[in-house]
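Novice: For reference, the chains in residue letters:
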Amino acid sequence: MIKVRIPAQLRTLTGGTGEVSVEGSTVGEALKALDNAHPGFADRIFDEDGQLRRFVNVFLDDEDVRFLEGLPTPVAAGQTLSIIPAVAGG
Amino acid sequence: MDFVSGLRCRECGRTYPAEALHVCDYCFGPLEVTYDYRRVAATMSRERIEAGPRSIWRYADLLPVADAAPVDLGAGFTPLVRADRLAAELGLGELWIKDDTANPTGSFKDRVVSVALTKARQLGFKIAACASTGNLANSVAAHAARAGMESVVLIPHDLETAKITMTSVYGGRVFAVEGSYDDVNRLCAELTSEQPTWAFVNVNVRTYYAEGSKTLAFEVAEQLGWQAPDHVVVPIGSGSQLTKVAKGFAELWQVGLLDEEPSVRISGAQAEGCSPVATAFAEGTDVIRPVKPDTIAKSLAIGNPADGWYALETIRKSGGSCASVTDAEVIEGIRLLARTEGIFAETAGGVTIATLAKLVTEGVIRPDERVVAMVTGHGLKTVEALAGTVGPTATIAPTLEAFAAAMGDERERTNEPTTRSA
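In order, the protein sequences belong to chains F and D. Read in order, the letters of the first sequence are residues 282 to 371 in the numbering used here. Read in order, the letters of the second sequence are residues 768 to 1189 in the numbering used here.
Source of the hints: derived by calculation from the structure; they are not laboratory data. Do not rely on the hints blindly, as some may be mistaken.
[Claimed, not checked] A few chain F residues facing chain D, derived, Cβ under 7 Å:
| no. | residue |
| --- | --- |
| 1 | Pro288 |
| 2 | Ala289 |
| 3 | Phe336 |
| 4 | Val337 |
| 5 | Arg347 |
| 6 | Leu349 |
| 7 | Gly359 |
| 8 | Thr361 |
| 9 | Pro366 |
| 10 | Val368 |
| 11 | Gly370 |
| 12 | Gly371 |
These numbers were taken from a predicted model, which means no experiment stands behind them. The C-beta atom is built at its ideal place from N, Cα and C for all residues, glycine as well.
Please build the complete structure, drawing on both the sequences and the hints.
Specialist: Here is the structure:
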């Protein structure tokens, strides 16, 4: 299982919980599985082209997936994905 | 009473009430404070401003919170210094330095923090928090102390000593995080979800916080006799300050405080070791690729700038430019400003001055323009950057002979004519 950490803005989709577990072998698959389990996620985090929205950051453990291979980045059981609003800091 | 009409998503236009929200619940776009400008225009006047306090709060009508006793250490209304000696060196006609080293904790961050914590207190928050590259940490810790709030500040562990000491002295909690600023920022973005009762000034209160930077534009215009300059050079960390400077000039015009519609070219300054916006500008793309920063300009070392895209858009629309400079140029920029104008800036100021020089050389900034450079932080915060570069002329014994010998050596070294006997 892959742990997905959910930001406050999206917890209405998970019944208030900040962490859910999903299956998947890539970041993209895991996020799709998240949308299957809790419908509404895809709409919120992907743009019309199926890419991550400009202001959504996804981290695999401590690394921004944009520094990895993006949505096709492989994930393994035990890893954690974090969905984080990008607009912060500075 | 403030003139805020609400919050609006910059991306999708959804509107929200003026609460502790920073991103659109739907698309995660940044929220922007909107005002009832007709009511502001009916209230705000040059006379009303000039009769106000000598701080950012003289512009309260265009700030997102009204409070008769704001959380205030005296931020803002810093000197706008006519820089003729620097202008002569660079080949410019009229150059001004906005000297924000003169703020209470030595950087422009006092502007944004004073606004953020005043709003946070109004919203009922008791704890002030932030992710910081140092200047913000100093300011949040100080303003929280002033307001009797607790503070929780998170910084990268490898900041300059002065910034760590200065943050810690105010008595709040300071966490040095083993990671880069972007790591700290991510941690704080996550913490905001877990600690909803904390006011992270640059996360959940960021919408209000960022508005404080407009006061840089307000002051520059007022100090130039209610005129906007032709060209402004602004350092880019997150890009927020740059976009808010543009918003500030536009608002002054909108509420009728300027005689002429401003047409301000805005140029961005970055360090080469962290230049995602300058790179996108040079490449002509809309995509800001995050980077792993490596520069002595730690206060600008944000590899994934939240407002990078908007800063880029603002620069392009204004007819400005964006450039980056090497660490060696940063140090030269610090020394040039100090040597010509007596202002000691931190590394971010060195970035601004070096970029200014570069853009003059490239012909982007022209001698016929009235130019303002934003010098946003004090040099005492980043003395490490100058280690080995500047120091005493000589170390001598306390005798006239030793002084004469050292002075003679120095004259010889600098080829100074010896008109008087030693």
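Novice: May I ask which of the numbered hints given earlier this structure violates, with the numbers listed in increasing order?
Specialist: Those not satisfied are hints 6, 7 and 8.
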